[in-house]
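Student: Listed here are the chains, written in short residue letters.
2 protein chains.
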Amino acid sequence: MPIPAKVLQKTSPDSPFQVATISRRDPRPDDVVIEIRAAGICHSDIHTIRNEWGPAHFPLTVGHEIAGVVTAVGEDVTRWSVGDRVGVGCLVNSCGTCAECEADQEQNCLNGAVGTYNSEDVDGTITQGGYAQNIVVNEKFVCKLPDTLDFDVAAPLLCAGITTYSPLATWDIKPGDKVAIVGLGGLGHMGVKIAKARGADVTVLSRSLKKADAAAALGADRILATTEEGFFKKHRGEFDFILNTVSATLDVNAYLGLLKPRGVMVVVGLPPENQELGFYALIIGRKVLTGSNIGGIKETQEMLDFCGEHGLGAEIEKIGVMDVDAAYERVIAGDVQFRFVIDTSTFDDIAAE
Amino acid sequence: MPIPAKVLQKTSPDSPFQVATISRRDPRPDDVVIEIRAAGICHSDIHTIRNEWGPAHFPLTVGHEIAGVVTAVGEDVTRWSVGDRVGVGCLVNSCGTCAECEADQEQNCLNGAVGTYNSEDVDGTITQGGYAQNIVVNEKFVCKLPDTLDFDVAAPLLCAGITTYSPLATWDIKPGDKVAIVGLGGLGHMGVKIAKARGADVTVLSRSLKKADAAAALGADRILATTEEGFFKKHRGEFDFILNTVSATLDVNAYLGLLKPRGVMVVVGLPPENQELGFYALIIGRKVLTGSNIGGIKETQEMLDFCGEHGLGAEIEKIGVMDVDAAYERVIAGDVQFRFVIDTSTFDDIAAE
Numbered sequence: 001m002p003i004p005a006k007v008l009q010k011t012s013p014d015s016p017f018q019v020a021t022i023s024r025r026d027p028r029p030d031d032v033v034i035e036i037r038a039a040g041i042c043h044s045d046i047h048t049i050r051n052e053w054g055p056a057h058f059p060l061t062v063g064h065e066i067a068g069v070v071t072a073v074g075e076d077v078t079r080w081s082v083g084d085r086v087g088v089g090c091l092v093n094s095c096g097t098c099a100e101c102e103a104d105q106e107q108n109c110l111n112g113a114v115g116t117y118n119s120e121d122v123d124g125t126i127t128q129g130g131y132a133q134n135i136v137v138n139e140k141f142v143c144k145l146p147d148t149l150d151f152d153v154a155a156p157l158l159c160a161g162i163t164t165y166s167p168l169a170t171w172d173i174k175p176g177d178k179v180a181i182v183g184l185g186g187l188g189h190m191g192v193k194i195a196k197a198r199g200a201d202v203t204v205l206s207r208s209l210k211k212a213d214a215a216a217a218l219g220a221d222r223i224l225a226t227t228e229e230g231f232f233k234k235h236r237g238e239f240d241f242i243l244n245t246v247s248a249t250l251d252v253n254a255y256l257g258l259l260k261p262r263g264v265m266v267v268v269g270l271p272p273e274n275q276e277l278g279f280y281a282l283i284i285g286r287k288v289l290t291g292s293n294i295g296g297i298k299e300t301q302e303m304l305d306f307c308g309e310h311g312l313g314a315e316i317e318k319i320g321v322m323d324v325d326a327a328y329e330r331v332i333a334g335d336v337q338f339r340f341v342i343d344t345s346t347f348d349d350i351a352a353e
Numbered sequence: 001m002p003i004p005a006k007v008l009q010k011t012s013p014d015s016p017f018q019v020a021t022i023s024r025r026d027p028r029p030d031d032v033v034i035e036i037r038a039a040g041i042c043h044s045d046i047h048t049i050r051n052e053w054g055p056a057h058f059p060l061t062v063g064h065e066i067a068g069v070v071t072a073v074g075e076d077v078t079r080w081s082v083g084d085r086v087g088v089g090c091l092v093n094s095c096g097t098c099a100e101c102e103a104d105q106e107q108n109c110l111n112g113a114v115g116t117y118n119s120e121d122v123d124g125t126i127t128q129g130g131y132a133q134n135i136v137v138n139e140k141f142v143c144k145l146p147d148t149l150d151f152d153v154a155a156p157l158l159c160a161g162i163t164t165y166s167p168l169a170t171w172d173i174k175p176g177d178k179v180a181i182v183g184l185g186g187l188g189h190m191g192v193k194i195a196k197a198r199g200a201d202v203t204v205l206s207r208s209l210k211k212a213d214a215a216a217a218l219g220a221d222r223i224l225a226t227t228e229e230g231f232f233k234k235h236r237g238e239f240d241f242i243l244n245t246v247s248a249t250l251d252v253n254a255y256l257g258l259l260k261p262r263g264v265m266v267v268v269g270l271p272p273e274n275q276e277l278g279f280y281a282l283i284i285g286r287k288v289l290t291g292s293n294i295g296g297i298k299e300t301q302e303m304l305d306f307c308g309e310h311g312l313g314a315e316i317e318k319i320g321v322m323d324v325d326a327a328y329e330r331v332i333a334g335d336v337q338f339r340f341v342i343d344t345s346t347f348d349d350i351a352a353e
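First to last, the sequence lines map onto chains A and Y.
Under the UniProt record's numbering, the letters of the first sequence match residues 1 to 353, in that order.
Under the UniProt record's numbering, the letters of the second sequence match residues 1 to 353, in that order.
Worth double-checking, as some hints may not be accurate.
Which copy is meant is left open, so a pair is good if it fits within one copy or across any two.
[What the hints assert, rightly or not] For lysine to aspartate or glutamate, the following EDC-like pairs were computed, each having C-alpha atoms within a straight-line distance of at most 20 Å:
(1) Lys6 / Asp240
(2) Lys260 / Glu102
(3) Lys174 / Asp30
(4) Lys6 / Asp26
(5) Lys210 / Glu299
(6) Lys318 / Glu238
Quick caveat, the hints were computed from the structure, so don't treat them as lab data.
Just so you know, these numbers come straight off a predicted model, no measurement behind them.
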């Protein structure tokens with residue numbers, strides 16, 4: 001039987017969130033039903049539901065940083081039991097058979113992965129995300145939360161955590177490596193924590209030193225202001241690895257100049273405009289410029305295990321379901337340290353429209 | 001005692017080449033004296049001596065694709081003996097102690113490698129290149145030529161060979177990989193041969209199909225015209241690896257679209273302008289964009305051994321020392337298949353000015 005779920009929903013980009021009741025699908029044999037305890041607010045949610053990444057499918061519920069508890073399992077489910085503490089990230093399905101799926105890179109599925117919201121599901125419906133009381137997900141796209149992390153600080157790991165963990169793991173960041181994290185928001189703050197836990201020497205690059213205390217509290221070895229006179233000359237050739245988490249246009253050639261020979265810069269933030277790149281900045285010293293998009297399910301589990309082992313939860317501000325419109329304004333203004341997380345138990349107090 | 005050498009020299013960017021006699025340095029204990037038998041003409045020679053890469057030091061002799069025979073060795077030389085067939089490429093010295101030199105990446109020497117010409121040498125003189133009868137080089141910057149290759153077809157390997165071999169080796173191109181070589185000039189033709197010898201499936205990407213016969217003769221599996229209607233859509237996601245050897249502005253985003261997820265594009269050609277790059281083209285599918293500059297001495301030797309084993313000489317047009325001005329015009333017009341090589345024995349017939 002379909003399962004009712006109170007959700008936060010928008011019916012258009014400009015309307016406020018409202019609480020509605022939708023039906024989650026009748027669980028298939030390989031599905032898991034999850035009662036959601038916490039849902040992080042990712043900037044992607046805002047871009048999507050404001051039509052900034054193209055027209056969204058309304059009415060829509062967003063949210064892909066989901067932490068909760070398994071409340072039911074389909075008859076073929078082998079990996080999960082009722083009561084398991086689990087997470088769901090940006091993906092809820094993929095073909096499972098293409099070269100990318102076989103390489104545990106479901107996010108690159110050649111036949112099109114199914115996103116957790118605003119995506120066409122295998123049954124033709126549009127997926128609805130995690131600002132909700134529950135969700136029904138194929139068991140393969142569920143990950144185990146570490147026992148050491150609460151639901152609220154674990155939820156953001158499912159997007160912000162894996163987005164920063166994956167490039168640091170892919171490029172094998174290790175003790176002694178000099179790592180720069182550009183930007184100290186939802187992604188950047190997890191980048192600092194994870195890079196530090198891998199043993200790197202971590203520098204935050206920010207436009208100003210306003211976040212100096214926060215950077216230190218997160219474990220960064222230092223913070224540098226890129227607007228400082230002569231900054232790019234002074235720090236030329238200093239880093240092995242740069243993780244750029246900002247979505248604004250930047251001077252790519254200058255940032256590549258901060259790398260040592262054979263250094264790597266990974267971008268995970270997506271400015272809307274084309275950037276200017278001089279090939280000399282890649283050729284001299286053989287610099288690598290690449291991008292990264294979340295991570296596969298196997299690596300997401302590896303990230304959760306790593307964060308559990310090192311006690312790395314997100315730094316969060318917890319809000320109720322009625323606070324999300326205001327939280328969006330604050331995210332856009334950069335006024336959050338470092339992630340809003342919705343306490344989905346607050347749905348209980350609210351009548352759906 | 002200093003060693004006299006007839007050389008081809010320009011006294012200004014616009015003057016024609018003239019034959020002059022210069023003095024090579026009195027060999028130091030770790031130097032090798034090489035009688036040059038063949039010298040390739042690289043487009044870098046033209047850029048340099050025409051001041052297209054900044055003001056050159058005149059009078060200047062260029063040439064960094066050098067093949068010859070050892071005629072004398074300093075008292076501390078252990079690696080070479082009189083009579084050895086050897087090559088010299090783009091580098092004639094480096095600090096030997098920095099992290100890059102220790103990693104056999106002398107081309108990235110943090111204290112500044114010494115180029116074979118137009119570069120300040122350790123004694124403060126300006127290095128003079130290989131369009132010459134002889135050269136005196138530190139033994140560490142000399143490589144052994146394979147017995148199976150003549151001097152003339154081996155000379156271009158010292159730049160065009162290593163420039164294309166190094167990225168193919170660095171990114172571990174192996175049997176079955178789908179490799180695209182962009183451009184079929186001096187670099188591109190060696191890229192095709194080396195990629196094919198590594199077992200890859202090789203496609204030449206060219207503006208037209210004019211070089212179809214040449215591509216086939218070099219062993220390419222196919223040639224495609226990038227100007228064909230709908231080309232970038234039709235071949236989307238097709239390649240594991242793209243080696244871009246052209247120095248012209250190109251649609252980087254479109255080329256990245258030709259890569260499979262996690263594919264790699266290496267640029268070795270240097271267009272003077274900044275290129276336009278959308279970060280989405282890197283993030284979606286985690287594409288890698290990087291550059292490569294020649295290669296270290298150890299890898300240059302590895303490349304020569306590989307080319308010897310597989311019988312991979314350059315395709316050349318042999319010219320005399322008096323033909324170089326005309327050859328430059330033909331290189332600029334793209335009218336060479338695929339490398340001009342100067343037969344330096346022709347110096348013997350000419351009186352120096």
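Student: For each hint, tell me whether it holds in the structure or not.
Tutor: Hint-by-hint comparison with the structure:
{"no.": "1", "hint": "Lys6 / Asp240", "in the structure": "neither (47 Å within a copy, 45 Å between copies)"}
{"no.": "2", "hint": "Lys260 / Glu102", "in the structure": "between (34 Å within a copy, 14 Å between copies)"}
{"no.": "3", "hint": "Lys174 / Asp30", "in the structure": "neither (38 Å within a copy, 39 Å between copies)"}
{"no.": "4", "hint": "Lys6 / Asp26", "in the structure": "within (16 Å within a copy, 87 Å between copies)"}
{"no.": "5", "hint": "Lys210 / Glu299", "in the structure": "neither (33 Å within a copy, 47 Å between copies)"}
{"no.": "6", "hint": "Lys318 / Glu238", "in the structure": "neither (38 Å within a copy, 46 Å between copies)"}
Violated hints, in rising order: 1, 3, 5, 6; the structure is consistent with all others.
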